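S.K.: Chains A and B are the protein sequences, given in the same order.
Residue 184 is where the first sequence starts when you use my numbering, and the numbers rise one by one after that.
Residue 38 is where the second sequence starts when you use my numbering, and the numbers rise one by one after that.
Treat the hints loosely; a few may be bogus.
[What the hints assert, rightly or not] Distance ranges between label pairs, derived from CB positions:
hint, chain 1, residue 1, chain 2, residue 2, range
1, A, Asn-220, B, Leu-383, 25 to 31 Å
2, A, Ser-277, B, Asp-382, 51 to 57 Å
3, A, Ala-223, B, Ile-73, 43 to 49 Å
4, A, Asn-220, B, Pro-41, 26 to 32 Å
5, B, Arg-184, A, Thr-229, 40 to 46 Å
6, A, Leu-309, B, Gln-193, 46 to 52 Å
7, A, Ser-277, B, Arg-270, 47 to 53 Å
8, A, Gly-249, B, Gln-193, 38 to 44 Å
9, B, Ile-73, A, Gly-249, 45 to 51 Å
Just so you know, these hints were derived from the structure itself, not from any lab.
Computed from a prediction, not measured in an experiment: that's the story for all the values here.
Yeah, the Cβ is synthetic: ideal placement off N, Cα and C, and Gly gets one too.
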Amino acid sequence: MKYLLLKHYRGAPEPPDWVPMDQWTPGEFDAHVKFMNDFAARLEGTGEFVDGQALAPDGAWVRYDGEGRPPVTDGPFAETKDLIAGWMVIDVDSWDRAVQLAGELSAAPGAGGKPIREWLEVRPFLAAPATVTE
Amino acid sequence: MNDPLLRELVPAVTGVLVRRGADFASAEDAVQEALIRALETWPGDPPRDPKAWLVAVAWRRFLDAARAEASRRGRELAVDAEPAPGPVPAADDTLRLYFLCAHPVLPPSSAVALTLRAVGGLTTRQIAAAYLVPEATMAQRISRAKRRIAGLPLSQPGDLATVLRVLYLVFNEGYSGDVDLAAEAIRLTRQLAVLTSEPEAAGLLALMLLHHARRASRTGPGGRLVPLAAQDRSRWDTVLIAEGVTVLQAALARDRLGEYQAQAAIAALHADARSAAETDWVQITEWYDELLRLTGGSPVVRLNRAVAAGEAGGPQAGLAALDGVDPALPRCTAVTAYLRERAGDLEQAAGLYAAAARSAASAAERDHLTREAARVRQLLR
Numbered sequence: 184m185k186y187l188l189l190k191h192y193r194g195a196p197e198p199p200d201w202v203p204m205d206q207w208t209p210g211e212f213d214a215h216v217k218f219m220n221d222f223a224a225r226l227e228g229t230g231e232f233v234d235g236q237a238l239a240p241d242g243a244w245v246r247y248d249g250e251g252r253p254p255v256t257d258g259p260f261a262e263t264k265d266l267i268a269g270w271m272v273i274d275v276d277s278w279d280r281a282v283q284l285a286g287e288l289s290a291a292p293g294a295g296g297k298p299i300r301e302w303l304e305v306r307p308f309l310a311a312p313a314t315v316t317e
Numbered sequence: 038m039n040d041p042l043l044r045e046l047v048p049a050v051t052g053v054l055v056r057r058g059a060d061f062a063s064a065e066d067a068v069q070e071a072l073i074r075a076l077e078t079w080p081g082d083p084p085r086d087p088k089a090w091l092v093a094v095a096w097r098r099f100l101d102a103a104r105a106e107a108s109r110r111g112r113e114l115a116v117d118a119e120p121a122p123g124p125v126p127a128a129d130d131t132l133r134l135y136f137l138c139a140h141p142v143l144p145p146s147s148a149v150a151l152t153l154r155a156v157g158g159l160t161t162r163q164i165a166a167a168y169l170v171p172e173a174t175m176a177q178r179i180s181r182a183k184r185r186i187a188g189l190p191l192s193q194p195g196d197l198a199t200v201l202r203v204l205y206l207v208f209n210e211g212y213s214g215d216v217d218l219a220a221e222a223i224r225l226t227r228q229l230a231v232l233t234s235e236p237e238a239a240g241l242l243a244l245m246l247l248h249h250a251r252r253a254s255r256t257g258p259g260g261r262l263v264p265l266a267a268q269d270r271s272r273w274d275t276v277l278i279a280e281g282v283t284v285l286q287a288a289l290a291r292d293r294l295g296e297y298q299a300q301a302a303i304a305a306l307h308a309d310a311r312s313a314a315e316t317d318w319v320q321i322t323e324w325y326d327e328l329l330r331l332t333g334g335s336p337v338v339r340l341n342r343a344v345a346a347g348e349a350g351g352p353q354a355g356l357a358a359l360d361g362v363d364p365a366l367p368r369c370t371a372v373t374a375y376l377r378e379r380a381g382d383l384e385q386a387a388g389l390y391a392a393a394a395r396s397a398a399s400a401a402e403r404d405h406l407t408r409e410a411a412r413v414r415q416l417l418r
């Protein structure tokens, strides 16, 4: 079963004792990046890693505005509540395993080397219908 | 026989098929199939004459496909089974393939994919893996590109500038997966520089060699970016640097300066400095002036020139050189942050580094800039 672990720039509940990244020390920042790399490498090792991508904070809402007209964009996301920072897709055997891994990822070290405890959103993929249903 | 040697034969083999009367799109498909076959069978059973083997297998594939198509349409097959090769030398075919695959009607991503397949001899699977897209997507991109240029004769001279642009894009993609695109771009540019006497082709080759020479020192543990000034210069590849400088000098001696030669000259000046402190920033600034003239005042060049001017004449000179550069230009905030820090304005520099991180175009750059913000904030404590 595939799950999406979503990381938010904004829109997730504020974690306890949050310190913005640019206020960590360079050493703390390096430890954080290393943890993230090691985490992905470990899931590749267990055969559970599918994909991981990061998104830029800039973007726009876009919608169709009728035949022959250019699409409407509302510019940068400034006013919106939710801002996705990136994701990891994992392929695991159970919801419990997905939650366990998200919990481990949320323990990435931050200021003072303590776990950042950021909220991650875990969403199951809708799968293809099973061949045998009864 | 290793892969690059096999791949070198690909454009010549396609040229043979086209001269025998095959259209480019079908010839290229047939050669791709022969190539995949070669990759499967040659390790256990290498042919005596690899090129003849590829021509024979590709031609058979082409005939099979043409017959299948003819019978599908209920028509007679008009292609001669074994015509004699024409008088055109193979080198010309290869050069014309470069032009065709980078034809200005093709969008850059298609030109890149087609060049890598038809000139570079990479398989669709390898190209897809290198660009992190599904193989079916890459196959579609390539066949759409071929439809777009169908009917254009292979004999037409093309636009060298678009060819160089395509190779430059491939080089900048670096490497992911099992294909080293930077090395492949160098191989293709090296081959091109032999086929054409245009000094800009040599200029681009020199630029690639000089940048490639620094590759090992450009990233630290965990893929961390290491800026030029902090790179361990003992890890620079002196053989590549020597080759790059030689190629560049020969190009400059032709006295037809272009953007790639000027960029290579700047890279050569960096390569020439034993330490960051020994860099000849005055001369580098002059080369940026030259580049500004060649590009008609490119904003990106103006931004890079400001960095050089800041090193040559101090941070205030750099900040003055930034005057008139659009702050929304990628990396402009990062450059401003750097110059502000050197000017002693740490508070503002930290904020600018953090802002630059938010607008970074790559994760490695974002991480580097966030770390710079953290470093400067620590100096403030």
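S.K.: Give a verdict on every hint.
M.R.: Hints versus structure:
1. Asn-220(A) - Leu-383(B): 25 to 31 Å: Between Asn-220(A) and Leu-383(B), where Cβ atoms are some 30 Å apart, the hint holds.
2. Ser-277(A) - Asp-382(B): 51 to 57 Å: holds (54 Å)
3. Ala-223(A) - Ile-73(B): 43 to 49 Å: violated (32 Å)
4. Asn-220(A) - Pro-41(B): 26 to 32 Å: Holds: the Cβ-Cβ distance is about 31 Å, inside 26 to 32 Å.
5. Arg-184(B) - Thr-229(A): 40 to 46 Å: Because 44 Å falls inside the window, the suggested range holds.
6. Leu-309(A) - Gln-193(B): 46 to 52 Å: With a Cβ separation near 51 Å, Leu-309(A) and Gln-193(B) satisfy 46 to 52 Å, so the hint holds.
7. Ser-277(A) - Arg-270(B): 47 to 53 Å: holds (51 Å)
8. Gly-249(A) - Gln-193(B): 38 to 44 Å: holds (42 Å)
9. Ile-73(B) - Gly-249(A): 45 to 51 Å: holds (47 Å)
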